[in-house]
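S.K.: Protein chains in written order, with this note's numbering: chain R, 1 to 366; chain W, 1 to 271.
If you are wondering where the hints come from, they were derived from the structure by calculation, not from laboratory data.
By construction, the Cβ of each residue, glycine as well, lies at the ideal position given by its N, Cα and C atoms.
There may be inaccurate statements among the hints.
Using C-beta positions, here's what the derived DEER-type ranges look like [stated by the list, open to error]:
(1) L34(R) / D200(W): 52 to 58 Å
(2) L184(R) / P109(W): 26 to 32 Å
(3) Q218(W) / V239(R): 46 to 52 Å
(4) G111(W) / L231(R): 25 to 31 Å
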Amino acid sequence: MRQVVTQRPSGPPEGRPAAARPAGLRPGWLVAGLAAVLAALVAGVSLGPVSLPPGSVAVELLNLLPGVGLDSGLTEREIAIITELRLPRAVLGLLVGGLLALAGGAYQGVFRNPLADPYLLGVAAGAGFAVTVVITAGGVGGAITGLPVTIPLAAFVGAIGAVTLTYLLGSAGGRSRSPATLILAGVAVSAFLSAGQTYLLQRNSDSIQQVYAWLLGRLATAGWHDVWLVLPYFLLTAVVVLLHRRELDVLSVGDDEATSLGLHPQRSRYLLIAAASLGTAAAVSASGLIGFVGIIVPHAVRLLAGASYRVILPLSMLFGGAFLALTDVVARTAAAPEEIPIGVVTALLGGPFFVLVLRSARRVLG
Amino acid sequence: MSAPAVAVRDLRVRLAGVPILTGVDLSVAAGEWVTVIGPNGAGKSTLLRAVGGLLPTEGAVSLFGTPIQQLRRRDRARVVATVAQSPVVPAGMSVLDYVLLGRTPYIAPLGRESTADLAAAHDVLDRLDLTGFHARELATLSGGERQRVFLARAFAQGATLLLLDEPTSALDIGHQQDVLELVDQLRRAHGLTVVATMHDLSIAGEYADRMVLLADGQVAAVGTSREVLTTELLARHYRATVKVIDGEHGPLVVPVRPTSAPGRMLEIRAG
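The following block holds chain W by itself, in its conformation from the complex (with noise of 0.2 Å):
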């Protein structure tokens, strides 16, 4: 049985003092697509970025099998490419040059991107249907192609574990479809695996082979998203009042309004 993808063993993080991951145990299997769910501050992003190597943790993180702490930051980045919740737009930099950032890995240091390089940032802009915008500014995108060039500069990477926070929040209903679906069709012709993190929790069991419901930097439950996404513990961990329908690729939530929640609601003063 071949190594998972993910390994996580009791992960705690602190970040200033605050702990933010308090005992996080996490098994992903290679090709499979988990999304992380949770509500503001339960830690989601931080999970990521200490799967990704970008966060100094205790507790053990393993990649392929290969503890983290024994990969060097070049090999780290062949094997696992992340997408930020809101990467930097560097000002005037081009598509293609934002997309062959992601050939670092394999450029030598100090050194400059070969032909291969260049052929390789031009097959994924090829692949994500952004051939004809390799000489547009980034800045100058809409939000979903932008999207889908922080993807392409995730997948020139050529990593096959791709960690990606939030990577529908910015867009419309159309886009974050889109993007989903494009993630879903580049994982399984290559055997990626993906995990992500997510707010719309119904577009997220969609996707999800297995999600990760995170609440107070400890895993609250994990599986489905039918075994996840309930009623109850959506009401425990995220305070909210909703209804789950059973849709066909998986629930779906939809939030209603509470007849009454004591101490939620917002006292409005007239005057």
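Isolated chain R, as found in the complex (with noise of 0.2 Å):
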């Protein structure tokens, strides 16, 4: 069979304009991530009640490198505020960031939905109520007498069965079934769990108050042991949905042509929701519900970087991180020696920042 389209021997034309590349993450924007994902590191290790230089700090944790050994000038006590309080939080507040919006930059493009987000499915909901079933059952400490379930452990588990029970329920249709049905399911879940979480609290009311503290998201808590919990999930849902961005942008064209073109949507889809699904479990699990970080920040980078999932994916991971861990700076210094929930101050910090940034793309783009 002869083809329509031969190789071209020399190339492209000598001379293309840039916008002739395809799609991908342009050095600059890769560039400003990682800037970003650096400065939230050293202002989120710098800043508290005990401030520390930036500089001094900058060098303590080049220090962390194997073969450096430089002088900061900071006291011992100091270098242990940096290395067993702040950095694990700093770096706990990244992976979790990267990871909501990396699952929420993947959920929109599996589900062909802007309005996605990672608690899509249930992840919420189900993190909700099984964490409400072990506080309101006698935890202390956030361990049910007698049992080794601590609230960690409860939210993950709640979170991973609240999205297989919706994928079971969504898949109930047979050939029927499509994302539409998948986002239905994910809507009756949640209202079935936060039904049985809101009747649980009504019997318990004295829990209320612990429950709607971890629901409010934190990472008041977070030593290197909740980063070690953390990091594996992160690793694999990075590597598994970072791998797909380009199949991301192929499905954006819809099943049937995915198909022509010679993928298997189906089985993309439900790759990408395991590995997003799995990765907003670990999140939630170290650190409450987070709203906004998930849907704000894959838009935010969609209107400045570019709609391509190959940009997408890679910038948000990195942006998400950057913002979460900046704004529990924010969290823990604005009422200090108060914190303020995170995810309040995700949505106070969010809204604002993503009006500036649709302004600001409006006017660059015209």
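Two chains, two separate frames, one set of hints: put the complex together.
M.R.: Shown next as structure tokens:
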């Protein structure tokens, strides 16, 4: 069979404009994303009740690299504040924010729905319900008496259980199943579990404050333990989702066309949903329910850097992480010594920030 | 004798339990242009989707002698390219990126475009007179320009069989001719096989080597445009009153106002 398109031996003509390249992550944006992560890390470690000079903090961060031994001028106590308290918290913020934004971007691509967020398929409701069960069942310090069930574990199991239930309900229609039926199943599962949670809270009104403290999200108790727990899920989710970034671009033309281009849309969709849900469940188990990051960061990236998922996904991961780590700085310093729930701060800061991005993008794009 | 580009035997398709195609036989020779016509709901688009491997079917569909079930998706995508009736226009996607989607069957799973893929996409853009459009956002193009880009994506697939579902439905008469001339030129230049569905019978007859009239999920007539576009067949299957005039490249079908058509006239009640 003859092929219509033959490879042009000489390649594209010389001097094509830059826009003649395919969509992809431009080095400038990658540098900006990495710089944002670094800035968030330095800010997260420098700022707090004990003020530390950012320059010394940067030197101390460099000292963590193998073979580096510079004098930062900080005392041992100050170094301990950095390495044992603030650094794990900032890193956890980067991981959780990166996961939520990455999962949100992936969900928006998988469902071809700009309103999709990582909690679309019931992760939030499942985690919330399970945590409420643990707390109202007599949990002390996060563990049910006599049972080794901690709040993070309950949140993780609840989140995964809810997504599994959503998948089973959404697939019940056999061949008629579609992204829309999956979203509807997610709405049904979320409504059911939220109703269960409300019932439990009504019956145990003394637990309301503890449950809501978790629902509003926090990085307050973060230590290296939380970081090591989340890190494997972060890596797994990031690898799976980022490897599929071109497939998400192909899926944007619809299932029929993606199939005619040689893809297996259903298979790609469920793999991405599984990876994004697993990452979200891990994030939720470590930090509670932090809204806004998963939906707004991918949109801001889309407006500023481009609509291809090859751009949206890696940049969402970087900027989502930086956004949450910086938000945490505000959450713990704005009303010091009290901490504002981080979920409240993400919405308070994220709303105006997004309006700003929207206005800038309109000005730039005309 | 080489295998036909498309061989369909006793093709049956049900959608949501409703039978759409009920035993279709069709053979399309390599290099041929076959246009499928028929009234709304006859199953034209379903037939195209079935030939493209996009639907679960009963019966047999073979492409260039290979049963479609034996072709892996990526291999099938190198053989057959489909342009849907109303392709989705992804927000913010550039013309170049859209055309590059056509290279998907040549890109390793989870891989990215090579320089050869980029060269192939530019090659197609050049051929379809779209060179200056590569950076334009697809959503900002006019209907005619957009249709050329849809075709460019299909050509970038390097397939030898093109399935075009109503390729001119959203275009004015000038752009209809532009698009069909372009397809015909490329077909002749590269030995492509074209199976298209169309509603405009006159223009369909001008370009097709053969026509297939589909009605109620079955083939009602097949032959040259002069054999299929007859007053009698069109009256029977479209329930339309038409005049068929002999044109230079085929019959021209002109709808005329029926003098009386019991049961088909709309009742307009005054007040």
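S.K.: Hints first: check each against the structure and report whether it holds.
M.R.: Structure-based check of all given hints:
{"no.": "1", "hint": "L34(R) / D200(W): 52 to 58 Å", "in the structure": "holds (56 Å)"}
{"no.": "2", "hint": "L184(R) / P109(W): 26 to 32 Å", "in the structure": "holds (30 Å)"}
{"no.": "3", "hint": "Q218(W) / V239(R): 46 to 52 Å", "in the structure": "holds (51 Å)"}
{"no.": "4", "hint": "G111(W) / L231(R): 25 to 31 Å", "in the structure": "holds (27 Å)"}
In summary, the structure agrees with every hint in the numbered list given earlier.
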